[in-house]
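A.B. asks: Chain by chain, the residues run as shown.
There are 2 protein chains.
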Amino acid sequence: MNLILLFKSDFIAADTVVINDRRFHHIKQFYQPVQAQQLKVGLLDGEIGQGTVTQLSDQSITLQVTLDKQPPAPLPLTLILALPRPKMLKRTLQTVTSMGVKQIYLINSYKVDKSYWSTPVLQEHSVNEQLYLGLEQAGDTQLPEVHLRKRFKPFVEDELPALIKDSRALVAHPYNAAICPPAEDINTTLAVGPEGGFIPYEVEKLQDAGFAAIHIGPRILRVENAVPVLLSRLFPV
Amino acid sequence: MNLILLFKSDFIAADTVVINDRRFHHIKQFYQPVQAQQLKVGLLDGEIGQGTVTQLSDQSITLQVTLDKQPPAPLPLTLILALPRPKMLKRTLQTVTSMGVKQIYLINSYKVDKSYWSTPVLQEHSVNEQLYLGLEQAGDTQLPEVHLRKRFKPFVEDELPALIKDSRALVAHPYNAAICPPAEDINTTLAVGPEGGFIPYEVEKLQDAGFAAIHIGPRILRVENAVPVLLSRLFPV
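Protein sequences appear in the order of chains A and B. Start counting the first sequence at 1; every next residue gets the next number (full-length UniProt numbering). Start counting the second sequence at 1; every next residue gets the next number (full-length UniProt numbering).
Derived from the structure by calculation, the hints contain no laboratory data. The structure presented is a predicted model; accordingly, all values stated were derived computationally and were not measured. Do not take every clue at face value.
Because identical chains cannot be distinguished in the list, a pair is counted as satisfied if it fits within a single copy or across any two copies.
Taking lysine-lysine pairs in the PhoX-like style, the calculated list, with each CA pair at most 25 Å apart, reads [unchecked claim]:
| # | residue 1 | residue 2 |
| --- | --- | --- |
| 1 | Lys87 | Lys102 |
| 2 | Lys87 | Lys165 |
| 3 | Lys150 | Lys8 |
| 4 | Lys28 | Lys153 |
| 5 | Lys69 | Lys205 |
| 6 | Lys87 | Lys150 |
| 7 | Lys28 | Lys8 |
| 8 | Lys205 | Lys165 |
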């Protein structure tokens, strides 16, 4: 927790927040706060700044906040990800949020187990919980948008062409692919398959839609590692 | 499992292996093998190649193997990592093995909980299990060496100077640091702190020993993501 994420509902005055939920326990554990201590805060979808501890009890902490800085710049990326299994989904949502991804499409693929679509992790409050943790980790405030697309073909045929307009569209695929292009701060759409990869039909459909297949070397990485590796290869620091 | 890792003890003849343990169940689950099917195999610390299914029972699989290719090149990297908590340690060992790290030093640091040093995950057979999984994931055979260093100061003062000789020595540190240098295929020593980072004293000791502090942008990442990001920024595909 490198930033305390604030919500409009935390405010009891224009510059004062009271926090008494999960975040309060995190704050106590990580910062062991004392009166007048300054903590890094940020308003959800707003600016970041400092919160000064003005009151502290066993149940809550009160901060006087100044919000005066922009959050870190987002990655100019739309990430299209075959729905991972629930445990991995949680981690992946946190990871890509902490790395600055703001548009996430979770899509179906032949190797996505049907049961994954009924996990409670996909419920909005549960998705948001992971996104908040990612923002708090990275010191960011801009909530990503998560879109669910349960049918591969209509998504690729009807929706993707507009989505990838004016972006470099890439699909991570370890076979018969070009080497990952150099880091550039340009609009990018990246598709990443499930564990075991997209099947040939899916890769072809993506290529027909305008995606180029790229690889990141002879080693096959798990999705949870492949995504951070791809993002760091595609964008400069 | 993108490669079936073979051990000398699997061989019942010069070119024949019988597998009946954890790997047998993985093979059944992932490949649903049939007679004459070819599977990618590799001998621990040896070459990689193909195994042809010659016998299949409920308890074991027999493969006739040809080993004729070199495994992927290792990263020219020594990774020095503050000991993560046990669950993260498992994942991190798998991750860095799958990415080609061959020298791993797990060290103490002020923010490493003392209890972490007594986890069963650090027992040799348990460490090896994670390393094997990493090799199987990546299609590699060269087992990394894992070194445990329970005392920070003697390690940094007495051992590090020789370790970092002829390498670029870098410590990942988000504050007062230079931007991560460009990818280069050269000998590198990289130190990564615990969650919460090295304390200033530790960063100073590392800098005194010849390490340069580097950062990977304004976002603070969890160790499990920071390591893949650093490795992909420091080395070309």
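A.B. asks: Hint by hint, say whether it matches the structure.
C.D. replies: Comparing the hints with the structure gives:
{"no.": "1", "hint": "Lys87 / Lys102", "in the structure": "within (21 Å within a copy, 28 Å between copies)"}
{"no.": "2", "hint": "Lys87 / Lys165", "in the structure": "neither (32 Å within a copy, 41 Å between copies)"}
{"no.": "3", "hint": "Lys150 / Lys8", "in the structure": "neither (33 Å within a copy, 46 Å between copies)"}
{"no.": "4", "hint": "Lys28 / Lys153", "in the structure": "neither (48 Å within a copy, 30 Å between copies)"}
{"no.": "5", "hint": "Lys69 / Lys205", "in the structure": "neither (43 Å within a copy, 33 Å between copies)"}
{"no.": "6", "hint": "Lys87 / Lys150", "in the structure": "within (19 Å within a copy, 32 Å between copies)"}
{"no.": "7", "hint": "Lys28 / Lys8", "in the structure": "within (21 Å within a copy, 53 Å between copies)"}
{"no.": "8", "hint": "Lys205 / Lys165", "in the structure": "within (16 Å within a copy, 50 Å between copies)"}
Checked against the numbered hints above, the structure violates hints 2, 3, 4, 5; every other hint is satisfied.
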